[in-house]
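There are 2 protein chains.
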Amino acid sequence: MKYIFIILISSFLANAQIKTEQLNLMPWPQSINLTDGNFVLDKGFKLNITGNPNPRIFIGATRFLRRLDGRTGLFFNQGFVTGLNEVPNAKLQINCAQNGKIGLHEDESYRLEINSGKITINATSDLGALHALETLLQMLQNSSTSYYFPTAVIEDFPRFSWRGLMIDAARHFLPVDVIKRNIDAMAAMKMNVFHWHLVDDQGWRIEMNKHPKLTQLASDGDFYTQEEIKNIVKYADERGILVVPEIDVPGHGTAILTAYPEIGSKINFDKTTYSIERNAGVFRPTLDPSNPKTYLLLSEIFDEVCPLFPGKYFHIGGDENEGKDWDSNPKIQEFKKKYKLENNHELQTYFTMQLIPMLKKHDKELMGWEEIMTKNMSQDAIIHSWKGTNEGVATGSSLVNAVKNGYKTVLSNGYYIDLMQGVESHYLTDPMPKNTLLSAEEKARILGGEATMWSELASPTTIDSRIWPRTCAIAERLWSNENITDLGSLRKRLKTVSFRLEELGITHIRNKAVLLRNISNNQKSEALEDFSNICEPLKIYSRNIGGTEYQMYSPLTLFADACTPDASDALDFDAAVNQYLKNKNAENQVLVTDFLKKWIGLNINLMELSANAPLVQPLLPLSKSLSDLSGQLLLLIDKKQSVNPSVLKDLLEQCNSKNHADVELAVYNSLKKLIQA
Amino acid sequence: MKYIFIILISSFLANAQIKTEQLNLMPWPQSINLTDGNFVLDKGFKLNITGNPNPRIFIGATRFLRRLDGRTGLFFNQGFVTGLNEVPNAKLQINCAQNGKIGLHEDESYRLEINSGKITINATSDLGALHALETLLQMLQNSSTSYYFPTAVIEDFPRFSWRGLMIDAARHFLPVDVIKRNIDAMAAMKMNVFHWHLVDDQGWRIEMNKHPKLTQLASDGDFYTQEEIKNIVKYADERGILVVPEIDVPGHGTAILTAYPEIGSKINFDKTTYSIERNAGVFRPTLDPSNPKTYLLLSEIFDEVCPLFPGKYFHIGGDENEGKDWDSNPKIQEFKKKYKLENNHELQTYFTMQLIPMLKKHDKELMGWEEIMTKNMSQDAIIHSWKGTNEGVATGSSLVNAVKNGYKTVLSNGYYIDLMQGVESHYLTDPMPKNTLLSAEEKARILGGEATMWSELASPTTIDSRIWPRTCAIAERLWSNENITDLGSLRKRLKTVSFRLEELGITHIRNKAVLLRNISNNQKSEALEDFSNICEPLKIYSRNIGGTEYQMYSPLTLFADACTPDASDALDFDAAVNQYLKNKNAENQVLVTDFLKKWIGLNINLMELSANAPLVQPLLPLSKSLSDLSGQLLLLIDKKQSVNPSVLKDLLEQCNSKNHADVELAVYNSLKKLIQA
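If you read the sequences in order, they're chains A and B. Residue numbering for the first sequence follows numbering that gives the first Met the number 0, starting at 0 and increasing by one per position. Residue numbering for the second sequence follows numbering that gives the first Met the number 0, starting at 0 and increasing by one per position.
Worth double-checking, as some hints may not be accurate.
In this list, chains with the same sequence are indistinguishable; a pair is considered to hold if it fits within one copy or across any two.
[Claimed, not checked] Simulated pairs of lysine-lysine, BS3-like, Cα-Cα distance not exceeding 25 Å: (1) K491 <-> K523; (2) K229 <-> K179; (3) K597 <-> K523; (4) K639 <-> K671; (5) K596 <-> K639; (6) K386 <-> K407; (7) K42 <-> K657; (8) K18 <-> K523; (9) K233 <-> K179; (10) K491 <-> K581; (11) K212 <-> K229; (12) K523 <-> K596; (13) K229 <-> K209; (14) K18 <-> K117; (15) K233 <-> K209; (16) K623 <-> K538; (17) K596 <-> K581; (18) K292 <-> K330; (19) K671 <-> K581.
No lab work stands behind these hints, which were simulated from the structure alone. The structure presented is a predicted model; accordingly, all values stated were derived computationally and were not measured.
Hey, can you work out the whole structure from these sequences and the hints?
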């Protein structure tokens with residue numbers, strides 16, 4: 000009887016109909032139609048696969064079962080999916096017409112139909128089916144006692160073919176598990192290109208059999224073995240993701256030249272001319288384009304590295320070569336004259352053109368940062384557009400130039416997630432330029448975009464929180480219809496999507512707590528957590544000024560490392576201020592003053608905490624400024640007392656300080672609005 | 000001026016003298032003398048290495064710098080330590096007389112002298128020096144603004160030579176990063192033997208070149224490549240840790256027989272006779288000791304596996320062979336007769352004896368669980384003592400038998416950390432038997448002990464919280480003087496030691512929050528966390544009854560997986576009850592009633608939470624029982640009202656239920672005391 004009662008309740012609650020805007024799907028599908036019903040999950044839930052898919056779907060389907068089981072605790076009977084048509088009468092039927100290939104321009108579409116008694120996924124290939132399974136996981140709803148999928152028909156396909164994430168494993172080495180969990184998160188966001196930045200001034204990260212000096216002298220022992228690389232490529236393949244390796248040349252060459260100084264551009268080199276760079280920035284060490292040994296080495300390197308990566312693209316960097324060592328080397332100047340190369344751009348083009356056949360030998364297309372695009376550069380090269388206002392050029396201008404010049408291109412300007420900017424600017428950056436007339440052919444050359452995570456200020460412990468959840472928004476920009484731009488909806492969905500990344504091992508939430516425990520010296524402290532929710536790390540290269548405050552081995556265990564963009568309480572406070580400014584009724588006033596009161600208490604608590612926590616000391620000037628300003632504002636708002644405007648202004652400016660603990664108060668703009676109103 | 004003031008304050012505070020009992024050292028050193036002063040850390044802190052050490056000390060010293068820097072945020076100038084005498088005037092001088100070898104009976108002693116201007120570590124080898132660096136890290140103190148080491152002289156050495164941790168990677172596969180972080184934690188606790196249980200009924204976890212079927216058919220794709228194994232062995236070596244592999248035969252043989260059914264003991268086998276076991280327990284599949292092919296296969300396996308492990312010991316399991324398939328196989332019965340083997344014990348001895356030369360060929364000594372100790376077993380074998388009252392024999396009886404029979408032995412009975420018992424019982428288990436007279440020679444055969452972490456109910460996400468921090472107490476038992484047994488001191492020190500394990504990547508704290516977020520459906524909930532701090536997972540094989548409630552792929556994401564032994568609030572409540580029972584003054588009464596009030600509120604909050612969190616539902620009966628009992632106790636204690644004793648008794652017994660959510664209320668015994676008082 001009790002059992003029947005529970006079933007009745009559960010099916011009653013499960014039938015509460017959900018609306019489309021309540022769904023937390025990301026990237027948002029091209030088409031979704033909810034119908035009137037639910038598919039209720041139970042222990043007997045099983046899936047079956049038919050068609051002619053790549054075996055990666057078996058692995059993906061098993062992973063799907065385990066993730067769903069981990070969320071629901073239902074103890075599904077079905078264990079491992081290992082073959083076709085194992086459970087013909089299963090309630091989830093997955094049919095893939097053909098074997099999906101890892102690469103661009105594959106048909107990744109799917110159709111997901113959820114009925115109350117049956118779920119059907121139809122996809123051209125397993126690639127689409129994997130996407131469908133991610134969507135299905137995101138469709139999961141619950142009542143108080145049961146889990147269910149609302150019935151619906153979803154038809155979906157990506158807007159762009161290149162939906163990438165670059166991770167820089169050169170500045171801070173990132174162990175295999177870090178890469179793998181980020182690949183899992185990419186797959187969850189239907190991203191399909193993992194660009195692996197493997198070499199830079201600070202380290203060479205690839206095991207080399209023919210040239211072991213590269214890791215012996217230029218990796219600090221931190222590199223991927225070839226087996227690990229193959230293993231990661233396979234792992235990515237199983238998730239529908241292409242891996243594009245990058246070896247950055249001829250600039251960013253310190254690591255290579257630490258091992259092989261003889262191919263550097265400096266004159267009078269000796270064995271100690273170059274050493275692994277510990278700082279961040281743009282450095283002089285550059286490969287010598289006039290030296291035949293340079294090409295011999297690179298060709299041997301490509302011969303060994305290319306076979307590790309079955310994909311069609313190889314990124315050779317090519318960025319930020321200032322050519323200083325070229326200018327000061329007479330031999331190189333002579334070379335330029337001899338080959339009638341008028342400037343360093345032409346010299347670099349000469350250099351890059353030598354690499355094209357080395358890569359073509361392995362059936363690879365060359366890709367490089369936008370600097371490689373010079374007048375004589377082959378149109379086979381793919382141009383990676385990255386510069387913008389920070390670099391003194393118009394946002395994404397190279398993208399338009401590239402497609403007009405006949406190059407394929409990928410956009411990263413606007414997607415530099417290491418700059419610690421809020422999610423909105425990334426979300427509203429569209430690879431398809433507005434206000435520029437492009438032909439259909441030119442548009443087709445815009446392959447997509449790529450979030451770029453440079454790791455000068457990110458460690459294995461912190462990098463997930465630098466990548467996620469903001470990259471989800473970029474993933475949506477690259478997959479979904481261009482009209483999907485509602486910021487309110489984005490923020491709302493991001494809360495759930497971010498939480499769900501935890502099940503893939505992403506550490507953005509859990510490791511924040513770890514960092515705060517270390518900072519607090521293991522004292523329990525809500526104040527520290529609250530403060531971290533209104534502070535953000537300094538943005539756009541303003542942390543680590545000159546690249547020398549931090550070395551690559553410096554601790555990234557500070558408050559700024561625990562903080563993230565889009566500080567949650569700051570967003571809530573801004574909403575409260577906006578509401579209050581619209582209507583200064585008592586209720587809205589409380590919304591604002593509750594924050595102000597909290598911050599006064601927070602300052603006191605932080606001071607107490609700091610008595611046994613030196614790492615809390617640097618936060619106190621900021622928390623005091625905020626507390627002082629909050630006190631004045633309370634007098635103004637709560638007590639209706641008049642407050643000296645210049646005092647307010649001074650206090651406000653103290654809250655705008657960027658001189659403490661490498662963070663800024665993310666509530667500054669909202670406070671300013673409040674004061675100016 | 001401000002700067003000088005800060006310095007004055009800091010040196011003033013830094014000089015507050017610490018007492019020995021305030022130190023949070025674990026394992027506690029053999030001798031420690033605090034003197035009157037401090038060594039204050041600053042950015043310029045450097046270390047220098049002299050003597051003739053193994054290069055592992057360079058890696059260890061660099062790691063030490065990074066960990067210390069991560070805690071203090073001082074941005075040490077010193078980057079990588081790569082050679083001898085790099086910084087002759089460094090304030091930390093490490094001198095190692097000789098190159099340490101990985102193995103038993105090495106001199107691991109060290110002398111650590113901290114003076115206010117200089118720190119000196121003297122050790123026979125780098126092994127001792129690595130231990131000294133761990134001690135030094137544990138010596139770290141702080142004022143409000145600075146970090147320092149109190150001056151002291153510490154002389155230290157281990158009591159036992161074998162201080163092990165076994166991790167079962169067969170039941171649940173544990174990726175490389177899980178193993179590595181646990182090796183780091185072992186090193187922090189001065190443990191020196193990592194016993195790697197690599198094969199069991201549920202999976203074969205070693206890549207095999209000559210016998211690929213083992214992983215193809217019996218690993219679900221989850222295994223270590225030989226390169227990964229070598230990499231882990233090297234990683235352990237760099238931390239002074241010996242790796243002892245285990246391939247469990249002739250019982251626990253399902254995985255092997257899934258690949259090679261022809262060497263199984265079942266009669267009339269075909270290719271589907273055996274399949275990877277998904278449940279937990281003791282199973283019939285057993286290798287056929289009468290079949291020459293069995294020995295051929297094993298010998299080839301050892302030929303491939305032994306070279307991966309340079310250490311001297313190889314564990315062949317040998318446990319829990321019930322011999323049922325031997326009894327029912329006429330061919331095996333015939334074999335027994337032919338070789339005059341009177342029973343299955345003798346047959347197993349025959350089997351095991353065949354393995355000794357296979358291992359000796361690779362210069363390895365055979366080790367096995369205590370079942371291998373039969374009258375004809377070679378005295379070269381090491382006996383791993385594991386049975387006790389749970390198995391119906393006297394605690395550790397095999398240990399005494401072994402040493403009396405001339406075998407070397409290692410104790411694990413009492414150290415079965417997978418049984419979810421409190422830390423105290425493990426801590427008070429001593430490998431040296433009390434009340435048994437042993438000769439010095441016999442005593443010397445007791446090599447030490449080993450914590451054993453079986454993984455039927457532990458996943459990569461949860462296993463750290465099953466191992467740590469309780470294993471720290473076992474490490475102390477095996478290292479420190481036998482008189483170090485104060486439970487209050489243990490618990491106090493364990494709080495800090497447990498927190499510090501986080502910096503090594505151990506996830507026992509952070510992943511609990513992850514599990515609770517999933518259970519709460521991402522609702523913020525202090526109630527759920529509070530409840531987890533008074534609940535413990537069911538103990539001693541009482542979770543997963545019969546081994547069939549959970550399969551190896553079942554979700555370990557439930558409330559019981561978030562809970563741990565030694566539930567923190569339960570310990571605090573017990574202390575409060577004891578204090579109250581000693582003196583029922585108002586102050587002590589509040590200590591108790593605050594808990595009771597909290598639990599009434601907690602039940603309400605959990606009910607609210609459960610409205611949107613099905614996984615919270617199973618907890619409600621327990622939280623309601625606790626709330627109801629708390630209400631009655633408040634009437635009794637606070638209001639001085641009389642309460643029906645039988646009502647109290649009934650409610651108390653409901654609080655003793657083990658029928659909900661696989662947990663028990665850890666406050667039951669304290670509540671019982673309170674009621675009976």
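**Q.** Structure versus earlier hints - violations, ascending order
**A.** Those not satisfied: there are none.
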